[in-house]
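Enquirer: Please put together the full structure from these sequences, using the hints given.
These protein sequences, in sequence, are chains A and B.
Numbering of the first sequence is given in the numbering used here, commencing with residue 1375 and proceeding in unit increments.
Numbering of the second sequence is given in the numbering used here, commencing with residue 70 and proceeding in unit increments.
Warning: the hint list may mix true and false statements.
To be verified - List of simulated lysine to aspartate or glutamate pairs, DMTMM-like, C-alpha gap at most 20 Å:
1. B/Lys321 to B/Glu364
2. A/Lys1477 to B/Asp140
3. A/Lys1477 to B/Asp144
4. A/Lys1576 to A/Asp1436
5. B/Lys321 to B/Glu331
6. A/Lys1477 to A/Glu1633
7. B/Lys321 to B/Asp365
8. B/Lys321 to B/Glu354
9. A/Lys1477 to B/Glu169
As the list claims (entries may be wrong) - Not close to chain B: a few residues of chain A, all C-beta gaps over 10 Å, as computed:
10. Met1396
11. Leu1416
12. Thr1427
13. Leu1484
14. Leu1515
15. Leu1548
16. Ala1552
17. Leu1585
18. Phe1629
As the list claims (entries may be wrong) - Quick list of the computed label-pair ranges, beta carbon to beta carbon:
19. A/Leu1563 to B/Glu244: 52 to 58 Å
20. B/Ser158 to A/Asp1575: 52 to 58 Å
21. B/Arg86 to A/Ser1583: 49 to 55 Å
22. B/Ser158 to A/Gly1487: 22 to 28 Å
23. B/Gly292 to A/Arg1395: 51 to 57 Å
24. B/Glu289 to A/Gly1487: 28 to 34 Å
25. A/Val1524 to B/Gly88: 51 to 57 Å
26. A/Ala1627 to B/His278: 34 to 40 Å
27. B/Gly138 to A/Leu1587: 51 to 57 Å
28. B/Arg86 to A/Arg1549: 20 to 26 Å
29. B/Arg202 to A/Phe1572: 35 to 41 Å
30. B/Asp183 to A/Leu1405: 23 to 29 Å
Derived by calculation from the structure, the hints in this document are not laboratory data.
Glycine included, each C-beta is placed from N, C-alpha and C at the ideal position.
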Amino acid sequence: MTASPAPLDLAPAPGAVPLPRMVLAQTRYELRTLLRNGEQLLLTLIIPVVLLTLFGTTSLLDVGGGRRVDFLAPGVLALAVLSTAFTGQAIGTGFERRYGVLKRLGATPLPRGGLIAAKTLTVVAVEALQAAVICAVALALGWHPHGDPVSALALLVLGTAAFSGFGLLMAGTLRAEATLAAANLVYILLLAVGGVVFPLDKFPGAVRSALELLPVAALSDGLRQVLRDGAAFPGKPLLVLAVWTAAGLALAARFFRWE
Amino acid sequence: MTPPGDGAVELGSLVKRYGTATAVDGLSLSAARGAVTALLGPNGAGKTTTIEICEGFRRADAGTVRVLGLDPVADARALKPRVGVMPQSGGVPGTARAGEFLRLVASFHSAPLDPGALLARLGLTEHARTPFRRLSGGQRQRLSLAVAVVGRPELVFLDEPTTGLDPQARHATWELVEGLRAAGVSVVLTTHNMEEAERLADRVVIVDHGAVVAEGAPAELTGAERQLRFRARPGLGLEELLSALPAGSAAKESPAGHYLIEADVRPELLATVTAWCASHDVMTEDLRIERRTLEDVFLELTGRELRS
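Expert: In structure tokens:
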């Protein structure tokens, strides 16, 4: 054995710090562990930046008329929201549930609402980082965004809420392995047919109308209407996202299982 | 003495069913404040379910639960800062570093222990930066114990705190539990290790099939009775030996060549047994007289081995 251990005063002195301090501590911790995770970084930063750069600087993809980057940047922003609020959150929370982390945290003074708040703050912080990087790359490629920043923000907030609801629904109901597979599959499918980088007007009319109702399509289309075309509060995308948000959060609140 | 009904944990006629199986079947117990109470029983006895009801993770189907005088579900907000919990396994994200997760939980509390000093006390200092998934089973257990006590709780629940630990880690854990008791913390732990229960517990509650079969201080449970054990060649005539012993004695051979005599062990009895062996040309080995252990008590009460 080594030298005598440091004295510890084990006498009871229970007490919790105020809720905002707990939420901030949990947020800092979630951000630190998340940004250390390589797969997460691939999903949240590398894939969006590669898609933006690849299709923005080559003519591999026919994006219709107009400047390529003006079409691509809003879609890649929508993809970033999808990757963080839905895919990353579903997989991360699913494994936390599986390994008893949610249960363990449930035995600490941090209330469940505080944990959800910390997860939401973490998602928002990662999205801010993604948006900064994506916008920087897009601007370097000659992007000229215009339009109403409040409308863009409203779309991003609704999109985040909708994806978070379904991400948590998946994490809180399926097995962790099933969540891992399904969340990645949904990400790839929505990337392919959600109007993110591949224009929806290449699909037949009826299919296109259906695909436009996907949340990522509504977010991409809404951001394009604002940032490329200068629209304010695009009605249909906001409505579609609001319906998905209401459904996702209600289902998650109803069916989420903590263990 | 704590007045009745004012213990750290008070359970009355607790029942918990999973489908058709009854995990906890009318269990009542009182765990005194400032004492170590051990729930001793085999796997599947209902110990973990009972403790998880106390922690507020499960709701009982019937019966009453008071933890520090409060309801673990309805008063969760008030109880969480005062109660430390060590689950049976896991509960820490695989990618989190040991020290990082401990510091996180410490940061929820207003007057926590110093995480570094706590890691040192449990021999985990050099693993503070190791991700949880790369810790050994024993290191995970000790980290989990550290997380349970870092907030300086009044009451801690430890679910099998030393299962799978090497002797050195087990002693570090035992010393910390003894330190908690010395500091006035109430401890409720589950174990199927009778040595642990005998060493740590002020009160042992023996649980089987979801109910209490016996309880008391370890010395009360084992009583003053002694028994005599020895080894010799297999197949001795026990009937004949018994006829030489006082009425009420019992003798058995299990396994072959291992003999146990349960009787009022006095000097004359010892002389009788050795004389009988001498007259039958039986050489005994490992002849010893011992007190009953909790293991023996359990076997007697349930007809089964504790470690099954």
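Enquirer: For the hint 35 to 41 Å, verify it against the beta carbon of B/Arg202 and that of A/Phe1572.
Expert: Taking Cβ atoms as reference, B/Arg202 and A/Phe1572 lie about 38 Å apart, which means the hint holds.
Enquirer: For the pair we were handed, A/Lys1477 and B/Glu169, check the Cα-Cα distance against 20 Å.
Expert: holds (18 Å)
Enquirer: Starting from the hint 23 to 29 Å, judge whether the C-beta atoms of B/Asp183 and A/Leu1405 obey it.
Expert: Given about 24 Å between the Cβ atoms, the range holds.
Enquirer: Are B/Glu289 and A/Gly1487 spaced within 28 to 34 Å by their CB atoms?
Expert: violated (47 Å)
Enquirer: Has the given pair, A/Lys1576 with A/Asp1436, been kept, meaning a C-alpha gap of at most 20 Å?
Expert: With a Cα-Cα distance of about 10 Å, the restraint between A/Lys1576 and A/Asp1436 holds, given a limit of 20 Å.
Enquirer: Holds or violated: 51 to 57 Å for the Cβ distance of A/Val1524 and B/Gly88?
Expert: holds (54 Å)
Enquirer: A/Met1396: least C-beta distance to chain B exceeds 10 Å?
Expert: violated (5 Å)
Enquirer: Between B/Ser158 and A/Asp1575, does the beta-carbon spacing fit 52 to 58 Å?
Expert: Holds: the Cβ-Cβ distance is about 54 Å, inside 52 to 58 Å.
Enquirer: Does A/Leu1585 really sit off the interface, with its C-beta more than 10 Å from all C-beta atoms of chain B?
Expert: Given that every Cβ of chain B is farther than 10 Å from that of A/Leu1585, nearest at about 36 Å, it holds.
Enquirer: Does B/Asp144 sit within 20 Å of A/Lys1477, going by the straight-line distance between their CA atoms?
Expert: holds (17 Å)
Enquirer: Would you say A/Leu1484 is clear of chain B, with no C-beta pair closer than or equal to 10 Å?
Expert: violated (6 Å)
Enquirer: Does the alpha-carbon distance linking A/Lys1477 and B/Asp140 stay inside the 20 Å limit?
Expert: Since the Cα atoms of A/Lys1477 and B/Asp140 sit roughly 18 Å apart, the hinted pair holds (cutoff 20 Å).
In this structure, the hints that do not hold are numbers 10, 13 and 24, in rising order.
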